[in-house]
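Asks: Okay, here's what each chain looks like letter by letter:
There are 4 protein chains.
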Amino acid sequence: MVMRMDQLDLRQFDVHTDLALEAKEMAETANGGPIPGVHSDIVDEDGIKISRVHVQTEQGSRAIGKMPGRYVTLEVPDLRKGDTTLQDKVATKFAQEFETFLEEAGVNKNAKILIVGLGNWNVTPDALGPLVVENVMVTRQFFELMPDQVAPGYREVSAVAPGVLGITGIESSEIVLGIVEKTRPDAVIAIDALASKALERVNTTIQIADTGIHPGSGIGNKRKGLTRDILGVPVVAIGVPTVVFASNIVNDSLRMLEDHLAKHTTNAGSQVMGLMHKMEENERLQLVREVLQPLGHDLIVTPKEIDQFIEDIANIIASGLNASLHDAVDTSNVAAYTH
Amino acid sequence: MVMRMDQLDLRQFDVHTDLALEAKEMAETANGGPIPGVHSDIVDEDGIKISRVHVQTEQGSRAIGKMPGRYVTLEVPDLRKGDTTLQDKVATKFAQEFETFLEEAGVNKNAKILIVGLGNWNVTPDALGPLVVENVMVTRQFFELMPDQVAPGYREVSAVAPGVLGITGIESSEIVLGIVEKTRPDAVIAIDALASKALERVNTTIQIADTGIHPGSGIGNKRKGLTRDILGVPVVAIGVPTVVFASNIVNDSLRMLEDHLAKHTTNAGSQVMGLMHKMEENERLQLVREVLQPLGHDLIVTPKEIDQFIEDIANIIASGLNASLHDAVDTSNVAAYTH
Amino acid sequence: MVMRMDQLDLRQFDVHTDLALEAKEMAETANGGPIPGVHSDIVDEDGIKISRVHVQTEQGSRAIGKMPGRYVTLEVPDLRKGDTTLQDKVATKFAQEFETFLEEAGVNKNAKILIVGLGNWNVTPDALGPLVVENVMVTRQFFELMPDQVAPGYREVSAVAPGVLGITGIESSEIVLGIVEKTRPDAVIAIDALASKALERVNTTIQIADTGIHPGSGIGNKRKGLTRDILGVPVVAIGVPTVVFASNIVNDSLRMLEDHLAKHTTNAGSQVMGLMHKMEENERLQLVREVLQPLGHDLIVTPKEIDQFIEDIANIIASGLNASLHDAVDTSNVAAYTH
Amino acid sequence: MVMRMDQLDLRQFDVHTDLALEAKEMAETANGGPIPGVHSDIVDEDGIKISRVHVQTEQGSRAIGKMPGRYVTLEVPDLRKGDTTLQDKVATKFAQEFETFLEEAGVNKNAKILIVGLGNWNVTPDALGPLVVENVMVTRQFFELMPDQVAPGYREVSAVAPGVLGITGIESSEIVLGIVEKTRPDAVIAIDALASKALERVNTTIQIADTGIHPGSGIGNKRKGLTRDILGVPVVAIGVPTVVFASNIVNDSLRMLEDHLAKHTTNAGSQVMGLMHKMEENERLQLVREVLQPLGHDLIVTPKEIDQFIEDIANIIASGLNASLHDAVDTSNVAAYTH
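Chains as they are written, first to last, in this note's numbering: chain D, 1 to 339; chain U, 340 to 678; chain C, 679 to 1017; chain Y, 1018 to 1356.
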């Protein structure tokens, strides 16, 4: 057994998380402390936890398996409860964070924006992107058709849902590149549903990143990314974890079990959990996968209430985008602009 | 009143029909006979009436208000009855006609095809194009990823639903042009929901045309077209009338009333219908519009059973496309490839 | 021709309108004045026209072809424009009217209510009832499970969508009667999509009636009704016209044409319209039907924007019901309680 | 720790499985052998595993936590692959099994059937019942309206989807009882989405039971059942697991881990897994729950492809019901009768 452990390929990205925050936490646990080249801070405001992770070096990037760049994560554990007042509060907070984030990413007040909703209409946990596109306010047609009559406080925004490879036969990045070349936006905002390693982050977390969308990320497993290199303009990504691998649920539960035992008993951890107690998290995850995958049990799952969750969080993001992109839309009451 | 009649602008396209067959019939009625430069023939096979209209000259084009080119129309009055056996028969006939049509349009057996589903998911009578895209078989990804392993009898097909201006902020023709430039198909097949001037043609008729999609046609009122000139490759259009203007219902009914009276009585037409009896169809339509439009009554309507109709006819077209585009899909049993 | 006219069966209910207001107007036109036994008044408040028709006698009932009882109609021509501020205003006004109406119908503040959403999920213009049921607030389960803990200001409300005969094989009235006998509500509120004779009333009009639902009314053509006689409790009906017969569009347009001609010219009516000018509206409608029906042209149609209309008006009614049924829900801000 | 173990309430139904087959397997594992009073046999036909579990005594019932009665389970691991040929085969096999099952349950060839689709339209993994109702063939209206004209080979079938408590305010069993009393069917067939304890059974398994639906079973957590006692007629239940508790995924994985270790090493189980190795499955599950539940992590999850799964399996069941209920529908080609 020990020998097999040594042979495991402990690549970080194998963890199946699209959240930089989770990748950083796992790397820190493995490392026993902070990762050089990765800076982070956390604030907790009114039930909304905001983490800022800055991957500053290539070394840091390799250590956590995420691209260099800035990642802002909003965590709202109560978001699953369907409280509309909280939803409005989150939309407002998201709008404020996103407005600041755009500025720091060099996307100015008048930059023309193309919003790209990645994912598949027909797969509920993958429908976030298309749903945001449907609910967001687009203005480009007015700038094109009657530029003199657009009220102040609005900028040029367009939005597309390029579909998925299985339905179109075309990589979404190729479709988006074609549209970018025709319509010449100054920046792209890409919305995608993500995988988390922890079930509790599903549908309670929003990640903003200035790194774009990378191959293999998200539910749909793109083979090509949406990045500044490919599209020629800054790409800001907004992602929400909506699914998790069964193996991650198991592994995460074993970690919680360990913590639970550590709190309640002395040396019970090793008694109850045996060698699993001493394994690194990555090792244990690999072990779980070795068992589940050949049996076809490492399914990707989503909470049973996913239909309502997706609708709620798509509205939060669409409202937040409207408020952060247009000065004329007030961040104090963003919800009125979507339905 | 008479004076006003003289001032009417009797442009053909004012009739609000996207069917060349209807435009031709109206022009013939007005003209009292065939239109020079417009050739047509009709065959009736087994409950499916197939009309071929060839607009051969600019003169013919102006006379009927449709672009020069070939138009094939399948009319199946019983299609509204929801008979699945008839639906399969129509899919098979459509596949045969479409295969021949492609050849005559210079699109050869191995031509790479991009299918474009115009219209709006959220407006049932305008959802035909997106629904066909969702149900059609796409193969381009296999040709791209594992070209050696694609079975014989298939060609490269991709499919996109570019959305509508009100949701994307971008003309669908711009989106399609961007995708065409990236993916280089040899031909485009564009599916669109149309307006008919006669309620009985709604959801019972399929038009195939080699003229592409022109500004102002279809439900969504494009401002830019999808044509060979714009896209650089042949564009074959498939359209199904799903809506009709209220004014056309009224006008068409008056024509039927006239026919009815003519059959049943002598000179009753003028007695019962007065001057309307003598008006040209276009004049009468203008009169009806003059009355309805200022009151906001010239609504665009669709049969109340539209949800089922759209689903059925989208399946017919998707099945037909699969059979006509891939030799490996048998025209005798096309329905099995869609759901 | 004249002879045939004499033979027409001019039954009022042939007009295919479920609106008492329209039936009354037609009867008055035919009668050249008010109908004995039918009292009505109209107020116009802030863009919302409210008509109250009281059919007081059997004679009046026969004359207009509607059951004796009270009918309140809200007409809001601008409702089709999708203005959310107007929608909130209409919901509030509807709530006020409905609250008063319930009281006058003898349904008191604490009466237990069963809301019945008639119609078919899968036919958009017939989906009003089920959509209202989905959006309305139900409380009966709390009264059953924890009666002591229900906050003041709420009453017991339950809601069902019984489906349609073609899908269930059971008359909706049988299903509702079964549920009424089990759950013993004090009153039933039934929501149904209706047919209007005028296209402009489609999706702009709400009718409240204390007569229940009668066989043959609504889109789904019930064979049995939902009435006090059948269910044993008061039945208040809420209806919204969402469809119209093509023949009614034609006939209504001819009437408008007549009015138009009368305004613009002397004796042009008879010149332009011939005998149709002199026909009674019912006669003319029968003539139009004689022509359209044998050709299968007398389809029932709905505006092409029906998807959005139905969603908007279902929200208005659900919000209005919440506010009028529960004191704790404020009529000044009813929209917050639905989504 | 050991003390706490003793205190655990090891009730079988805590396992959160609605499948008798799983309950029996767990009881056998705990018991180290067959359970007295529970008879079972298994056949494997052509990729479809059919288990028949007969709970014959009260003792057996208590031991496995399921009602006395017959349970037939079809397991088709490949059902998730979306192969339409396999789906047709499963529909046919299900139809044959169900036909036999009905006979053995004393429901004869001419018995009038009410099909009840439990669950919630708006929650995808709970939408199985309503979807089957929508796709199944109903005939009762023809027997009521034109009994002489019904073709031979059909029996009287009706179908309702009573909704869920949160939307209607009424227990589904009350609604069904009301309808049963009005329409007097000879038997009820109830369709419901279930919870499994093993992720691999989700969407691959169909259970048929003559015990009806019991409180707390299914996704919607009914408080009242649909049983012969309550409804007065035999109730045959058809269930498909569509969800699983996260704690069951963890526990099931630990069991697989144990098996894996046992195969690959000597005494590694106790080394790697510590005390967990020796725990009874129920003990371990309780331990996992103790950890997950307070943290809100014991979510109910469903595979991310649930939308397509539910649609496919609803079609299988609807097709199978059509074939088994009507002699005129051929079991060799059942799929043609649904869409």
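Keep in mind that the hints are not guaranteed to be accurate.
As the list claims (entries may be wrong) - In silico DSSO-like cross-links for lysine-lysine, where the CA-CA straight-line distance does not exceed 30 Å:
hint, chain 1, residue 1, chain 2, residue 2
1, C, Lys790, Y, Lys1239
2, C, Lys941, C, Lys727
3, C, Lys860, Y, Lys1241
4, C, Lys767, D, Lys89
5, D, Lys112, U, Lys563
6, C, Lys956, C, Lys900
7, Y, Lys1098, Y, Lys1066
8, U, Lys521, D, Lys222
9, C, Lys956, C, Lys759
10, U, Lys420, D, Lys112
11, C, Lys759, U, Lys617
12, C, Lys790, D, Lys81
13, D, Lys182, U, Lys428
14, Y, Lys1295, Y, Lys1280
15, D, Lys222, Y, Lys1098
16, Y, Lys1098, Y, Lys1280
17, C, Lys727, C, Lys767
18, C, Lys900, Y, Lys1199
19, C, Lys941, C, Lys956
20, U, Lys602, U, Lys388
21, U, Lys420, U, Lys448
22, C, Lys900, U, Lys420
23, Y, Lys1106, Y, Lys1126
24, D, Lys278, D, Lys263
Stated by the list, open to error - Which stretches of chain Y does chain D cover? Using the computed rule of at least three CB atoms under 8 Å from a CB of chain D, they are:
hint, stretch
25, 1301-1309
26, 1319-1329
Said to hold, decoys possible - Pairwise CB distance ranges (calculated):
hint, chain 1, residue 1, chain 2, residue 2, range
27, C, Gln737, U, Lys420, 34 to 44 Å
28, Y, Thr1046, C, Lys902, 30 to 40 Å
29, U, Arg562, D, Lys109, 43 to 53 Å
30, C, His942, D, Asn110, 30 to 40 Å
31, D, Asn110, U, Arg562, 19 to 29 Å
32, U, Arg562, D, Arg223, 30 to 40 Å
33, C, Glu968, U, Lys617, 47 to 57 Å
34, D, Thr85, C, Val828, 14 to 24 Å
35, U, Gly421, C, Asp907, 50 to 60 Å
36, C, Lys902, U, Gly421, 20 to 30 Å
No lab work stands behind these hints: they were computed from the structure.
We treat Cβ as the ideally placed atom computed from N, Cα and C, and that holds for glycine.
Asks: Return the numbers of the hints above that this structure violates; sort them in rising order.
Replies: 6, 9, 10, 11, 13, 21, 28, 29, 30, 33 and 35
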